[in-house]
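*Asks:* Given the sequences, and given the hints that come with them, work out the whole structure.
If you're matching them up, the sequences are chains A and B in order. Take the first sequence: its letters are residues 561 to 1038, numbered as in this note's numbering. Take the second sequence: its letters are residues 12 to 335, numbered as in this note's numbering.
Hint data in this document are derived by calculation from the structure and do not stem from the laboratory. Careful, some of the hints might be misleading.
[As the list claims (entries may be wrong)] Quick list of in silico lysine-lysine cross-link-like pairs, DSS-like style, CA-CA up to 30 angstroms:
1) B:Lys274 with A:Lys820
2) B:Lys305 with B:Lys109
3) B:Lys59 with A:Lys812
[Said to hold, decoys possible] Far from chain A, by Cβ distances over 10 angstroms, these chain B residues were calculated:
4) Ser25
5) Leu48
6) Ser75
7) Asn77
8) Gln84
9) Gly275
10) Lys284
11) Glu286
12) Ser288
13) Lys290
14) Gln295
15) Pro313
Backbone N, C-alpha and C define an ideal beta-carbon position, used for all residues, glycine too.
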Amino acid sequence: MFQNYELNNIFDEMFRETGVPRQHYEPVYGQLTSLNDGAFQRRRQMADISFRNQGITFTVYKDDSGVERIFPFDLVPRIVPAAEWRTIERGLEQRITALNMFCKDVYHDQHILREKVIPAEMIYSAKMFRREMLHVNVPNDIYIHVCGTDLIRDKDGSYLVLEDNGRTPSGVSYVIENRAVMKRVLPSLFESYPVRSVEEYPFNLLQCLKELAPARSEDPTIVVLTPGIYNSAYYEHSFLARQMGVELVEGKDLIYDDGKVYMRTTGGRRLVDVIYRRIDDDFLDPLCFRPDSILGVPGLMNAYRCGNVALANAAGTGVADDKAVYPYVPAMIKFYLKQEPILNNVPTYVCANDEHRKYVLEHLHELVVKATNESGGYGMLMGHQSTAEERAEFAKLIKADPRNYIAQPVVQFSQCPSLVDDHFEGRRVDLRPYILYGKKCVVTPGGLTRVALKEGSLVVNSSQGGGSKDTWVLEEVR
Amino acid sequence: MLLSIKHQTELNYSDYIKESVIELRMAPRQETLQHRLSFELGIGPASKVRSYFDWLGNSVHVFSINAMHKQIQIISTSIVETSSQTLNLDAMPDLWHKDAEHDWAHYDFLQFGGPVVDTTILRELAGSILRSVASKGPNIRIGELAKVMLAKISEFFVYEQGITTSASPITEILAHRRGVCQDFAHLMLGLSRVFNIPARYVSGYIHSDTPELRGSAQTHAWVEIWVPSAGWVALDPTNNCIAGENFVKVAVGRNFTDVPPNKGVYKGMGAEKIEVSVKSERLQHVPAELAAEKTVVLNCMPVFGGNIEDQIQLIRQQQEQQQQ
Chain A
561 MFQNYELNNI FDEMFRETGV PRQHYEPVYG QLTSLNDGAF QRRRQMADIS FRNQGITFTV
621 YKDDSGVERI FPFDLVPRIV PAAEWRTIER GLEQRITALN MFCKDVYHDQ HILREKVIPA
681 EMIYSAKMFR REMLHVNVPN DIYIHVCGTD LIRDKDGSYL VLEDNGRTPS GVSYVIENRA
741 VMKRVLPSLF ESYPVRSVEE YPFNLLQCLK ELAPARSEDP TIVVLTPGIY NSAYYEHSFL
801 ARQMGVELVE GKDLIYDDGK VYMRTTGGRR LVDVIYRRID DDFLDPLCFR PDSILGVPGL
861 MNAYRCGNVA LANAAGTGVA DDKAVYPYVP AMIKFYLKQE PILNNVPTYV CANDEHRKYV
921 LEHLHELVVK ATNESGGYGM LMGHQSTAEE RAEFAKLIKA DPRNYIAQPV VQFSQCPSLV
981 DDHFEGRRVD LRPYILYGKK CVVTPGGLTR VALKEGSLVV NSSQGGGSKD TWVLEEVR
Chain B
12 MLLSIKHQTE LNYSDYIKES VIELRMAPRQ ETLQHRLSFE LGIGPASKVR SYFDWLGNSV
72 HVFSINAMHK QIQIISTSIV ETSSQTLNLD AMPDLWHKDA EHDWAHYDFL QFGGPVVDTT
132 ILRELAGSIL RSVASKGPNI RIGELAKVML AKISEFFVYE QGITTSASPI TEILAHRRGV
192 CQDFAHLMLG LSRVFNIPAR YVSGYIHSDT PELRGSAQTH AWVEIWVPSA GWVALDPTNN
252 CIAGENFVKV AVGRNFTDVP PNKGVYKGMG AEKIEVSVKS ERLQHVPAEL AAEKTVVLNC
312 MPVFGGNIED QIQLIRQQQE QQQQ
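*Replies:* Pasting the structure below:
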């Protein structure tokens, strides 16, 4: 099944060189090659059925062919040795610490702007910079409690940060479900590996949320606020609420009264302490943000300001994961922590900068252009695979609104074997670990490895036809 | 000047509504030239009020009425002592530069946005203002430019109610050449944005003994422009004057949408009708027994359905009605 496997001249997760697996992949390689084709196909069908039966789906917008889909699952695990994970863990903790200090600073004293480490204009022109959060104190001074940071691997195998998702990162339910399915479908693979468990995530999230509760109750009421059943991540919202044993609510289930937020229940109103919200800032409170929001709770921001209810993540964290602010994260780390970044960024051109923009417009054919406030792989140009018309279109967009675009060189990131029909082929993968930041920082040992299932594709987003893999972080060997 | 301002708002609904949450920006600001001695807020139906300072330093009062209701009454009474800045636009030395660099604290007051729309007609108006100032000499002073902006606005635009609404962008006053204080203020902001002069919207009240100034007996709006040597200079494009001690400043913002005197959200099918009146009065001395801030309950049409039994009763009564 590996006969014609190509290394494609990039970093391969499994193979050191053609036919020679890396040490930590040897047992998996051995087992995969010993399975016959039929056996492997049966296991793949089992996995599909498992996902379908459990209703583990996501929604693709702007597509006529259907709404609810199974997130394609690839049976070859992605393995991260303990030493590599140590670096990732330290790097992510350093990064989220700096991002939280940045949020606190930018909504209070703004030292980083005064010192001109980041141009003030970049912040004030950020769509997600919420002036309503200026001078508002949030519990424990933490803004980003839940972060999903996307990592890719360079040609030499070193991990780079592609972006931070510090608003409402999704996908962690797949991490847990992928593991469950993997154990059911290919249990023997686990025999040779000390794989660290990911199942504690909901428990850790609950702990993190409890820390935010106003000091009035020993048993705080926590809710998960979902936009509703039509949202692409509704499955995850219900999954997390169930796993944590808390209520799943929509905006209409909550009501504001005298500086507090209550949940309507059949037994009457119940005071709410913490809201794990999975709706955007814009929709949280029609009185404060978008007046046409029907998903939010009128008055919520006032209760938040009064300290009577906590939000996770805090309102306004979008300023930290704006793609045009991202290039300044290494500078933030140096500014706030006086440390060198452990994980590097991908080099980025900010189109708002005249020199950068000039370069970008001249090199569109070899750059990836991204809109600063889009996610899910929408609003992107892959320069090297684009047509002249597409490039002309983007050049126009960039010139019309330079602040809204950044560009990055095409990183030839790593590949991992994926089952394609009856054999394995290399497909590009990224890695999204999930970080919980409370009194302590917990990086769940694992993460979502997303796979670009189309041959040669560099886009791993599920909305753009990506799949996922179970991700194994290995125990330290003592 | 010692002033008492009574700002009365009545919201009536064509049908029962519920879960009203309302924010008020009605309490005059505390500033060097304006001292708020007292602020009394009356609300009916009874409701608990919370207050906070928004990001622009305006004080905001929030309340909610969850039971079913058809009417909300709000009366805010402020007692304010004002004094005026001696300002002379002609005497300000500051020179105007099209490309002047500004402190980023003023970033927000230099951007178009909301009702302050960048349009060709606006640019043409700005061009004609600039030409008329430039004809007097090469060095243009900010004070001079401001004075001509005020003069041109009152020359070209007519004060008339009922042409625009509170949601009108400046394209409407530019098209009809008619509008109210809010439109005049937005227009002046638009011109200042074109000229790269930081400028902000001010909502408040204007007191006039006689003759009547435009904007009294209702809420008023004007602008403040940034002149480095003088700070924020308050100008009233509706009355073509510098805002003096008969102006009471309530809130500042990028434009009206930052500082509406009241804004709210409610649930229900009833349509809202709003009536507003403002009475200002000059006081001779500070009244005795003045509270810095207090809230009172106003008599109002009673709420309905404050408890579950009432709502069940409503449903039952609706179902009981014979439909023949």
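*Asks:* Which hint numbers doesn't this structure obey?
*Replies:* Structure breaks hints 2, 6, 7 and 9.
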